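K.L.:
Listed here are the chains, written in short residue letters.
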Amino acid sequence: MAFRGPRNFKNFREKRRIEDDDSEQSKSNNPVIQNFLIYRKELDNKHDRHEKLVKLSRDITIESKRIIFLLHNIDARKNNKESVLSEAKERLDKVINSNFATIAYELVGHEIFQYMRAISPALQEFIEALTFYEFLSDKQCSDWEVIKERLKYKHDELDEISLHLAPAEYMLGFADNTGEIMRFCINSLGSGETDNCFKACKFLQNIYAHFLSIGSVPNHGRDFSQKISTMKMSTLKTEHVCYQLKVRGTEGAKFPSLDIKLDNDDIDEGFY
Amino acid sequence: MDMFNKFNNYLEEEQEIREKIREIVRQIDTESKEAVTVLQIIHTSLTDVMPACLKAREIFQRCNDMYQKLAQVVPTGQYYRFSDHWNWTTQRLISLIALVIYLEAGILVSRDTSAEILGLKSSSSDGFHLDLEMYLMGILQMSNDLSRFAINSVTLGDYSRVLLLQNFISDLSSGFRLLNLKNDALRKRFDGLKYDVKKIEEIVYDLSIRGLLIKPVDTESLPESSMKED
Numbered sequence: 001m002a003f004r005g006p007r008n009f010k011n012f013r014e015k016r017r018i019e020d021d022d023s024e025q026s027k028s029n030n031p032v033i034q035n036f037l038i039y040r041k042e043l044d045n046k047h048d049r050h051e052k053l054v055k056l057s058r059d060i061t062i063e064s065k066r067i068i069f070l071l072h073n074i075d076a077r078k079n080n081k082e083s084v085l086s087e088a089k090e091r092l093d094k095v096i097n098s099n100f101a102t103i104a105y106e107l108v109g110h111e112i113f114q115y116m117r118a119i120s121p122a123l124q125e126f127i128e129a130l131t132f133y134e135f136l137s138d139k140q141c142s143d144w145e146v147i148k149e150r151l152k153y154k155h156d157e158l159d160e161i162s163l164h165l166a167p168a169e170y171m172l173g174f175a176d177n178t179g180e181i182m183r184f185c186i187n188s189l190g191s192g193e194t195d196n197c198f199k200a201c202k203f204l205q206n207i208y209a210h211f212l213s214i215g216s217v218p219n220h221g222r223d224f225s226q227k228i229s230t231m232k233m234s235t236l237k238t239e240h241v242c243y244q245l246k247v248r249g250t251e252g253a254k255f256p257s258l259d260i261k262l263d264n265d266d267i268d269e270g271f272y
Numbered sequence: 001m002d003m004f005n006k007f008n009n010y011l012e013e014e015q016e017i018r019e020k021i022r023e024i025v026r027q028i029d030t031e032s033k034e035a036v037t038v039l040q041i042i043h044t045s046l047t048d049v050m051p052a053c054l055k056a057r058e059i060f061q062r063c064n065d066m067y068q069k070l071a072q073v074v075p076t077g078q079y080y081r082f083s084d085h086w087n088w089t090t091q092r093l094i095s096l097i098a099l100v101i102y103l104e105a106g107i108l109v110s111r112d113t114s115a116e117i118l119g120l121k122s123s124s125s126d127g128f129h130l131d132l133e134m135y136l137m138g139i140l141q142m143s144n145d146l147s148r149f150a151i152n153s154v155t156l157g158d159y160s161r162v163l164l165l166q167n168f169i170s171d172l173s174s175g176f177r178l179l180n181l182k183n184d185a186l187r188k189r190f191d192g193l194k195y196d197v198k199k200i201e202e203i204v205y206d207l208s209i210r211g212l213l214i215k216p217v218d219t220e221s222l223p224e225s226s227m228k229e230d
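Residue numbers (full-length UniProt numbering), protein chains in the order written: chain C, 1 to 272; chain X, 1 to 230.
With the rest of the complex left out, here is chain X:
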């Protein structure tokens, strides 16, 4: 029957598109892995934080170029037909971008800014965009890195940083608590956030009972000044 030939042709076309997407996503994936490696330094040396951020930003720029290519391969209006291919990699990149922006400026990167860094639109009506749930998943992934960073910065002798981290992550967690989550992957990832909050709170407790945190910290002005100390 005709219909089956048509269907097989259709499948072939789909395979071709997917093949192209896979190739581009594979390249983005390689870059993002490199960014992960570059940023590992923050756990071992605080003076290398800023140079690492710069390097990571170069990698984000390269990813930006590749997302432009990806946007051309994916037919308009069919983002979610193929989005499984880049979902995971994009989440990881978002978590890295959020980490870098936090280290540089002490703030949580917004969806719009992180989309811009990767050359994506923030809304699906404008074209190839950053899906909101991908962004939120990425942010939650970063919180995990932060709790590790908190431990290690204490080990490296920077006590005041922990208070900033505590502030930041509690903002993050009250932000997430505003969302009405369904029983999905995002919800599960969000449930993990409280352990990161707890971990950082424990560090603050450890430090404060030993009198290692003397001054109450002015959270508004500290992010920048603490950066300068690096």
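Same shape as in the complex, but just chain C:
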């Protein structure tokens, strides 16, 4: 989004110019002008809120990616599973209790669906981190209703505000999680924890089968079919790992096979 800079500047200048004209215009009795001044305020309000949400959302995306990266650091040889998991939990809680809270407050009195495009990347990336964490802690992955319960906040005037989590957003985030599990499987092969590879493979096969059963999703049809095809690739890779483990036994752990490579074929894995 860095390329936006110059344009924002231009908008800013335009805004200034228009504000300078304001004194003249607000005096004008022309009802058209009067009405458009009201419309301008409303539009500006909406655009500003959208920009703000995009920024807030980007912070969550970055933090979620970092948490995922942290979780990949779990290594039996370092014996750090406990400490990494507890750090991840802390950071995930913080995202819920502070970052998402800010978004929820920002949306009070406004419809979340109007700003869905601004915050959906954050929601998805966060779901991905959270469910990956739960998978690694051998918990059952919480579904959207469980997470929704956690996205509720106190408000001074209203009793409680909540951030709506659309099931489709949850599913898309959960689908991304399978890519992480594939990486986890391959890392485990490297570190010699072959049980994890089988566990990951079973999990992926299960999830993949269920995703195939999903009906058509309005407005997200393409997202889903793309994610499902990425998921298939991930599943195939883990199946291949398991196959090799079975055939070659533990030698695979000592000499990780060269033909299992991590293709960078899903684009969202840039690390900030």
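Rather than coming from a laboratory, the hints here were simulated on the basis of the structure. These numbers come from a predicted model, not from an experiment. Hints are not guaranteed to be accurate.
Unchecked claim - Below 20 Å or equal to it, Euclidean Cα-Cα: the simulated EDC-like pairs (lysine to aspartate or glutamate) are:
#1 C:LYS41 with X:ASP112
#2 C:LYS41 with X:GLU133
#3 C:LYS41 with X:GLU13
#4 X:LYS188 with C:ASP143
#5 X:LYS6 with C:ASP44
#6 C:LYS46 with X:GLU133
#7 C:LYS202 with X:GLU133
We have chain C; now place chain X onto it with these hints.
P.N.:
What follows is chain X alone, placed relative to chain C:
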């Protein structure tokens, strides 16, 4: 897994709502097409303008009824989840309403009035509302019709009307210039407005160099008097 069953149930419910919305919007769409057809007469006969407006108003009333039904089908607080379904049709209706109001009274219909005609609220906090951007898109759509109307009213012998149109559309365009538009659909549609302005200005030029516009026109009082001539 449980979760996937739940998700599929959720999808089914969503499909049902969308199906209902689609059906109602389809009916509104049919009505709005009829209004478009009815209003085509303004390009061929100036004496039929007023009757056409009356007919169009009847159609708007029928649309009003259907928007009430639509408001009941769409769950509260989920306007923008489904608004793609009626976005386009509503824009068209707004453009027709704006055209009719202009023909009747010579003014630009406000967002509040056009919302009222369709039985919608003007603000989202009051319920099923008319989205501001839908309204603005509709208004820009009307400007296109106006430039055609300007040409045809000259052809039909009404020269003075063009000056009124020029006044109206330049007000409109200075109104839009007040908005800070993002690089979105509204901006693109707005960029088209200047061609309509230009077209009408060219007509005024054509008429004035030939001395066909003799008196400078008092723009405040003319809309009504020119209507009476019809």
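K.L.:
Hints the structure violates: just list their numbers, smallest first.
P.N.:
3, 4, 5 and 7
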